[in-house]
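J.: Chain order of the listed sequences is C and W.
Just so you know, the first sequence maps onto residues 1 to 302 in the working numbering.
Just so you know, the second sequence maps onto residues 1001 to 1282 in the working numbering.
These are computed hints drawn from the structure, not numbers from a lab.
You may find that some hints are simply not true.
Among chain W residues calculated to face chain C with C-beta under 8 Å, some are [claimed, not checked]:
1. N1079
2. E1123
3. Y1220
With a straight-line Cα cutoff of 30 Å, these simulated DSS-like cross-link-like pairs (lysine-lysine) come out [said to hold, decoys possible]:
4. K1091(W) - K52(C)
5. K1087(W) - K156(C)
6. K1216(W) - K1235(W)
7. K52(C) - K1216(W)
8. K1235(W) - K156(C)
Positions of the beta carbon are idealized from the N, C-alpha and C atoms, including for glycine.
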Amino acid sequence: MPKVSPRNPATLADVQRLMAEAVMRPLRSDEGMQTAWKDGSPAADVAARIIKPNDRLSSFERLQIYNQQYWWRLLGSFAEDFRALRAVVGNRKFDKLAVAYLENCGSTTWTMRDLGRQLESFLRAHPELTTPHGPLALDVVRVEWARVIAFDEPGKSVLQPEKIAAVSPDRLRIGLQPYLTLLELAHPVDELLRKFKESQIETGAFSNAVSATVTRRRSRIAARPARRPVHLAVHRHELAVYYKRLEPEAYRLLCALRDGATLADACERAFAGSQDLPAASAGKIQQWFANWMHLGWLCSIR
Amino acid sequence: MPANRFNAHTAYGIGLGLRIPHYAHILEKKPLVDWFEIISENYMTDAGRPLHILDQILEQYRVVQHGVSMYFGNAARPNRDHLRKLKRLTKRTQTPWISDHLCWGSVDGRYTHDLLPMPYTWEAVETTARNIREVQDFLEIPVAVENVSSYVEFHVSEMTEWEFLSEVVERADCGILLDVNNIYVSSKNHGFDPYEYLDAVPHDRVAQMHIAGHTKFERYILDTHDHPVLDPVWKMYAHATKLAGRTATLLEWDDRIPSFDEVHREALKANTFLPDAKSLAA
């Protein structure tokens, strides 16, 4: 965002840049607006240059209303999408990481649905924000973001069985539905989330009302690492979001297809190093494809 | 007057905001409601449950789209990707008109997701009118702009809010979604006479009205949409309908949402404030 002199916001763009900058600055720990501007000067002076006081509120206090609304609105939406992450790291740590994340990765689209798009990479770059729950927190974030994707990401036309039969496996490439996410996890997050009962109603909707305060949640959850990696598909079926455990070979096969491998190459990669006899592998593949076709996971590349 | 070119010559009555907690009740009980207003952004997806629900609602009810993130008052031009998605939704809903707010909300690609108030300058009049015209031309349906509640006033303002609204809608040649509660809230926060506002706006451009509840704090009022409509707002609504005629009216209730029946009852109170309410009752 280009910097605007707080002294003379002359144009509409200047006023909007300056106000947006003020509105998006993190709140103090007592949820008031920061008293110092970024250059150390009093924020009250900056507010007074663009905003009129009235007989009840100073310019600073009037601007603070929007500063608070911005953070309460974004934090509320973010907390809705990452309820389990909050339960893993605890309220205080969650609030801190949420502010740090949203300050660095604020919204760049008209929908708050995308707020969490960069959260996994941000937390990987800032492990101190989730310590000592880092590995579990990362697994949970990946699953919760996959839920967002599964909820309303567009679907493509389902691949018909005759199209698979019509092309040789060494030339056939198959796509996966955009709402399907494949995850390899260190923790049994699917089981954890099934146990995690959220008492409050999820709204997940836009409105043009303002918030009087931000919602806080108290429940905590934890899980030990699984003995072996957990392979999970997060997907949508008949408008509901589901988790489906995958065998390691099935996971590798789907990942290979997703990455553009031919069917033949994908099968080879899936069973590389496997002790299974070819006949057993073929049986498994046949069974998996029948199931994936039933779930509508497979689609054309184009 | 109420059926005018800004609401596609429709004569809708009292509507309700379509909200998630009421989905099951509406789909199961099929209550008699004149129309529903949807928040466009909740359905600007290409798949998933929200669209599925909307399609079921559309089979039985008239729907009007109301947006919260077009930001007509942004210094920048409207987002084309947003417009394309919005237009796709208008084809689906067949909304006779579409509304959004007279505000700004994003700068240089960063979104505040708030309805930020305009500085009432001539430059802002020109910019906002240009953006509304662009949206209206793209969508090819009438656009109505809604006055917002505000908590700040800018030193650079060169006119009153109602002068600004009037100038913008005349230059954009668009309709007004007159939010009576927002006028009341802003009048208390800024110390102006809300009836002067109501009297001054071009009544022949009013396509729709909003009513809602608000929350009073010690030193200001917040537009929270979490209460029944307060008496002063009902009185203003009665005055507004005298000036603009019977107009499609929508009750907004977005937080601490009570049962569908309670919201519906509150909305239908609007009928008792219409200019010809006594003759209707008789």
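J.: Output the numbers, in ascending order, of every earlier hint that fails for this structure.
T.: 4 and 8
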